[in-house]
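Sequence lines, in order, name chains A and B. When the letters of the first sequence are read in order and numbered with my numbering, they come out as residues 24 to 139. When the letters of the second sequence are read in order and numbered with my numbering, they come out as residues 28 to 138.
These aren't lab readings, by the way, just hints derived from the structure by calculation. It cannot be assumed that every hint is accurate.
[As the list claims (entries may be wrong)] Some chain A residues flagged as far from chain B (calculated, every beta-carbon gap over 10 Å):
1. Q29
2. K40
3. T43
4. I92
5. R93
6. T109
7. T127
[Stated by the list, open to error] Taking lysine-lysine pairs in the DSS-like style, the calculated list, with each CA pair at most 27 Å apart, reads:
8. K54(A) to K53(B)
9. K125(B) to K96(B)
10. K54(A) to K41(A)
11. K83(B) to K125(B)
12. K54(A) to K125(B)
13. K80(A) to K53(B)
14. K53(B) to K83(B)
15. K125(B) to K80(A)
16. K80(A) to K41(A)
17. K53(B) to K96(B)
18. K53(B) to K97(B)
19. K80(A) to K40(A)
Where a beta carbon is used, it is the ideal one built from N, C-alpha and C, also for glycine.
One letter stands for each residue in the lines below.
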Amino acid sequence: EADIYQTPRYLVIGTGKKITLECSQTMGHDKMYWYQQDPGMELHLIHYSYGVNSTEKGDLSSESTVSRIRTEHFPLTLESARPSHTSQYLCASSPYEGQGYQETQYFGPGTRLLVL
Amino acid sequence: SQQGEEDPQALSIQEGENATMNCSYKTSINNLQWYRQNSGRGLVHLILIRSNEREKHSGRLRVTLDTSKKSSSLLITASRAADTASYFCATRIQGAQKLVFGQGTRLTINP
Numbered sequence: 024e025a026d027i028y029q030t031p032r033y034l035v036i037g038t039g040k041k042i043t044l045e046c047s048q049t050m051g052h053d054k055m056y057w058y059q060q061d062p063g064m065e066l067h068l069i070h071y072s073y074g075v076n077s078t079e080k081g082d083l084s085s086e087s088t089v090s091r092i093r094t095e096h097f098p099l100t101l102e103s104a105r106p107s108h109t110s111q112y113l114c115a116s117s118p119y120e121g122q123g124y125q126e127t128q129y130f131g132p133g134t135r136l137l138v139l
Numbered sequence: 028s029q030q031g032e033e034d035p036q037a038l039s040i041q042e043g044e045n046a047t048m049n050c051s052y053k054t055s056i057n058n059l060q061w062y063r064q065n066s067g068r069g070l071v072h073l074i075l076i077r078s079n080e081r082e083k084h085s086g087r088l089r090v091t092l093d094t095s096k097k098s099s100s101l102l103i104t105a106s107r108a109a110d111t112a113s114y115f116c117a118t119r120i121q122g123a124q125k126l127v128f129g130q131g132t133r134l135t136i137n138p
């Protein structure tokens, strides 16, 4: 099991609420990622970070924002949740592997979000 | 369409049989990786094959890569009920600092 944690595991909230999904890793990895995944479907990269104070948008447009103030912490925030945000959100991290980033990724258990 | 596409989308076999899943992609890659996802969980990295490799083994897993056909296969031998999961291929495209995941193959092993 990878040392990467996500909280909460499940979240049910009403439309318009602000939420923050937490992700922490204790492996000292520089790179971290957020993916959105609907049940039985592919993963879509929504944000990633190369290190502290570095954040980039991914391939799928998202209304969420991220921050990377500490190496181990990469929270994702939705300012105003909507039913269309209902999905599973997966956090991952990746180590530098000597010859560069092979992009081997270690995933957290995910947060299942339901917006009513 | 997707960079990585798995085939079949779903596969159901008896315990003890071998399971084969295929992945096709479109652009040049640095490496191709396979991940497993149990229902409702995160993904677990299984194996990585570099673009200059043709075959790789890890336990009951065998992965092949054919860069001329832009395809890969994952073979799980002597399947077990615990192998029931979704399996995703992911490609690291040349020049890109990220992975692109396919849509996955849902594997069910019947006891």
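Going through the hints against the structure:
1. With a cut of 10 Å on Cβ distances, Q29(A) falls inside the contact zone with chain B, its closest approach being about 8 Å.
2. The claim that K40(A) is not at the interface with chain B holds, since no C-beta of that chain comes within 10 Å of its own (minimum 23 Å).
3. With a cut of 10 Å on Cβ distances, T43(A) stays outside the contact zone with chain B, its closest approach being about 19 Å.
4. At roughly 21 Å from the closest C-beta of chain B, the C-beta of I92(A) stays outside 10 Å, upholding its exclusion from the interface.
5. Separation of R93(A) from chain B is adequate, the least Cβ-Cβ distance of about 21 Å exceeding the 10 Å criterion.
6. No Cβ of chain B approaches the Cβ of T109(A) within 10 Å, the least distance being about 15 Å, so the stated non-interface status holds.
7. Distance to chain B contradicts T127(A) as a non-interface residue, since its nearest Cβ pair spans about 5 Å, not more than 10 Å.
8. The straight-line distance between the Cα atoms of K54(A) and K53(B) is roughly 25 Å, inside the 27 Å bound, and the hint therefore holds.
9. For the suggested pair K125(B) and K96(B), the alpha carbons sit about 22 Å apart, so the restraint of at most 27 Å is met.
10. Our distance criterion of 27 Å between C-alpha atoms is met by K54(A) and K41(A), whose separation comes to about 26 Å.
11. Proposed proximity of K83(B) and K125(B) is supported: the alpha carbons are some 22 Å apart, at most 27 Å.
12. Under the criterion of a C-alpha separation no larger than 27 Å, the hint pairing K54(A) with K125(B) is consistent with the structure, at around 10 Å.
13. Proposed proximity of K80(A) and K53(B) is supported: the alpha carbons are some 23 Å apart, at most 27 Å.
14. Simply put, K53(B) and K83(B) have alpha-carbon atoms about 21 Å apart, close enough for the 27 Å limit, and the pair holds.
15. For the given pair, K125(B) sits about 12 Å from K80(A) by alpha-carbon distance, which is consistent with the 27 Å threshold.
16. With a C-alpha separation of about 20 Å, the suggested pair K80(A) and K41(A) falls inside the 27 Å cut-off, and the hint holds.
17. Under the criterion of a C-alpha separation no larger than 27 Å, the hint pairing K53(B) with K96(B) is consistent with the structure, at around 9 Å.
18. A C-alpha spacing of about 7 Å is found between K53(B) and K97(B), which places the hinted pair at or below 27 Å, so the restraint holds.
19. A C-alpha spacing of about 22 Å is found between K80(A) and K40(A), which places the hinted pair at or below 27 Å, so the restraint holds.
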